[in-house]
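Top line first, the protein sequences correspond to chains A and B. Each residue of the first sequence is one higher than the one before, counting from 1 in our numbering. Each residue of the second sequence is one higher than the one before, counting from 370 in our numbering.
These aren't lab readings, by the way, just hints derived from the structure by calculation. No residue lacks a Cβ here, since even glycine has one placed at the ideal position from N, Cα and C. Treat the hints loosely; a few may be bogus.
FRET-style restraints, in silico, Cβ to Cβ [what the hints assert, rightly or not]:
hint, chain 1, residue 1, chain 2, residue 2, range
1, B, GLU504, A, VAL43, 30 to 36 angstroms
2, A, GLY141, B, ILE439, 20 to 26 angstroms
3, A, PRO35, B, GLN570, 53 to 59 angstroms
4, A, THR92, B, GLU577, 23 to 29 angstroms
5, B, GLU577, A, GLU165, 57 to 63 angstroms
6, A, ARG159, B, ILE439, 32 to 38 angstroms
7, A, ASP48, B, VAL420, 47 to 53 angstroms
8, A, ASP48, B, PRO402, 44 to 50 angstroms
9, A, ARG86, B, PHE416, 26 to 32 angstroms
10, A, GLY141, B, ALA412, 48 to 54 angstroms
So the chains spell out like this:
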Amino acid sequence: MNASFPILSGAPVPLPSDVQTRPIIAFANVSKVYPSRKESAEVVALDDIELQVPEGAIVGVIGKSGAGKSTLIRLINGLERPSSGRVLVNGTDVTALDERGLRQARRSIGMIFQHFNLLSSRTAFENIALPLEIAGIAKSGIADVVEPLLAMVGLSDKRDRYPAELSGGQKQRVGIARALATKPKVLLSDEATSALDPETTDQILSLLKTINAELKLTIVFITHEMSVVKKLADRVAVLEGGRIVEQGTTYEIFTHPCHETTRKFVGSITGGTVPEWLVAKLRPDRRDGDSAVLHVGFVGGDADQPVLSRLARTLGVDVNILHGQVETIAGHPFGSLFISVSADPEMLRGIIGELRAGQNTVEHLGYVS
Amino acid sequence: MSPEILELIVWSTLDTLVMVGLSGLFGTLLGLPLGIFLATSRANELFPAPVANRILGLVVNATRSTPFIILVVAIVPLTRLIAGTSIGTRAAVVPLTIAAIPFIARVIEAAIREVDQGLVEAARAFGASPLQIVEKVLLPEAMPALTLALTLTVVSLLGYSAMVGAVGGGGLGDLGIRYGYQRFMPEVMATVVLVLIALVQGVQTLGEAIARRLDKRTRNS
């Protein structure tokens, strides 16, 4: 089968460059060690974390359970204290604040939770009012803040409902409105969509994107789902065993994952993992009449170039597509394709050279008959 | 039954209600803060004071494991100090209150510990102080459980109050012992038991109804 690979027509979209604005959150050499107790050895939850969050960005921290995500996000609002290092939020070192100072600082940092953590004894309105009551806002001023927030999250008609009467998505909307009540500069999201079904997840994610754009709110979220990172994040940090093993823009991470953990996460989304049936047929060495199997990642500017048809034209080889997927990552196309080409070793080098043009990645996996 | 006996039963019922009402009230006033403290003062909790927590826990356990009738006799000097006398209904309120405090503290501690820790974390994340967390999160969220706990307390106090007759306290228990048992008037004994059953039923039903009204967790749209 001859194939070109037109992913998107039209002008190439510029890649997101690293945001250069002042970081609103900065981790400097942050470690968190839980000291050993009787039976258990000491646990290093976070190890020398360096992380900058640009103002107005949406940064995702992804990792498996136990990687240290929860600890990391709780260092930002001081729910956890680091063993060493500093955490700067909006120019303030939160690790140096006492409890009173922290309480003040937390009012400019909103937080939403996996299990929503709404008070069952309060209505939607009263839940959103809680941070305002805590901040000592007069009762008369509270409704002026809460009503617009209810409208913003689309729950004005559920104003006087109790959490037990709301769906999961509605509860999280109340959670988001509550987190925004004190007009924070930063929103922390602790697995906010992990308890929701896929459709509701998408609604919550697009609500978060809207909030980020309209309120210029910086969002830091933790998740174990790469699909959430793909839909929401501008930048990603990959956490494993308490270390950030890789970080960069979402597009970089998806198109050029360097660390094994990142590849596994990314592969689950971009089709970067070799399909089962192909694994069974792959051989490491070449026999007569075999075709070479290549995994090509089409990236950025080249993702919308007819690379395969050019290959067929200039080198005169037939390209057979075995498996492929095209994804939009952070608003940019990214293709992952498994192809087989019938070529001798000499010619294969030429083909790989041709495919590597631009930012594309090529991996020679083996041979099939 | 003669009108005199009927009048006695009415007065004794009132005595019982006064004893239980007052000791329940004083017991709650003192037991509630103690229960809140017990529920929030272990290491890494809102008001960490693990040593005080342990000591108060021991005192509570000691008081609760003392049989009530022994407690009544043992604290007679204290009773005399507070009530001015060691006999009668007024005096009986003192040992009843002393017995109610640790009981109430424990049931309140249990009710507060039932509150989801995620709510406490959320309140902390919004900048709430420990006192604000108690006032705005723990107590309102525990309210249905607290209501049931206090119902249980009142029912227990009804039982205890029947024993203070032994030291000259009034009430239904005293009436039952003196007339029903010592003067062989089985109809008085039966009436006393029936009134007590009715009181327990009434308190329990009322408590459950209030708790249900306060509980917003299971309501469905």
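Here is how each hint holds up against the structure:
In this structure the hint that GLU504(B) and VAL43(A) lie 30 to 36 angstroms apart at CB holds, the actual value being about 35 angstroms. Checked against the hint of 20 to 26 angstroms, the C-beta distance between GLY141(A) and ILE439(B) comes to roughly 57 angstroms, which is inconsistent with it. Here the CB-CB span from PRO35(A) to GLN570(B) is close to 54 angstroms, well matched to the stated 53 to 59 angstroms. Between THR92(A) and GLU577(B) the beta carbons are some 50 angstroms apart, a value that contradicts the proposed interval 23 to 29 angstroms.
Separation of GLU577(B) from GLU165(A) is about 22 angstroms and departs from the stated range, judged on CB atoms against 57 to 63 angstroms. For the hinted restraint 32 to 38 angstroms between ARG159(A) and ILE439(B), the CB-CB distance of approximately 56 angstroms leaves it violated. Our hint of 47 to 53 angstroms for ASP48(A) and VAL420(B) is violated, since their Cβ atoms are close to 36 angstroms apart. One distance hint, 44 to 50 angstroms for the beta-carbon pair ASP48(A) and PRO402(B), holds here, with the actual separation near 45 angstroms.
Checking the proposed 26 to 32 angstroms range against ARG86(A) and PHE416(B) shows it holds: the Cβ atoms sit about 28 angstroms from each other. Look at GLY141(A) against ALA412(B): about 39 angstroms separates their beta carbons, and that is not inside 48 to 54 angstroms.
Checked against the numbered hints given earlier, the structure breaks hints 2, 4, 5, 6, 7, 10 and satisfies all the rest.
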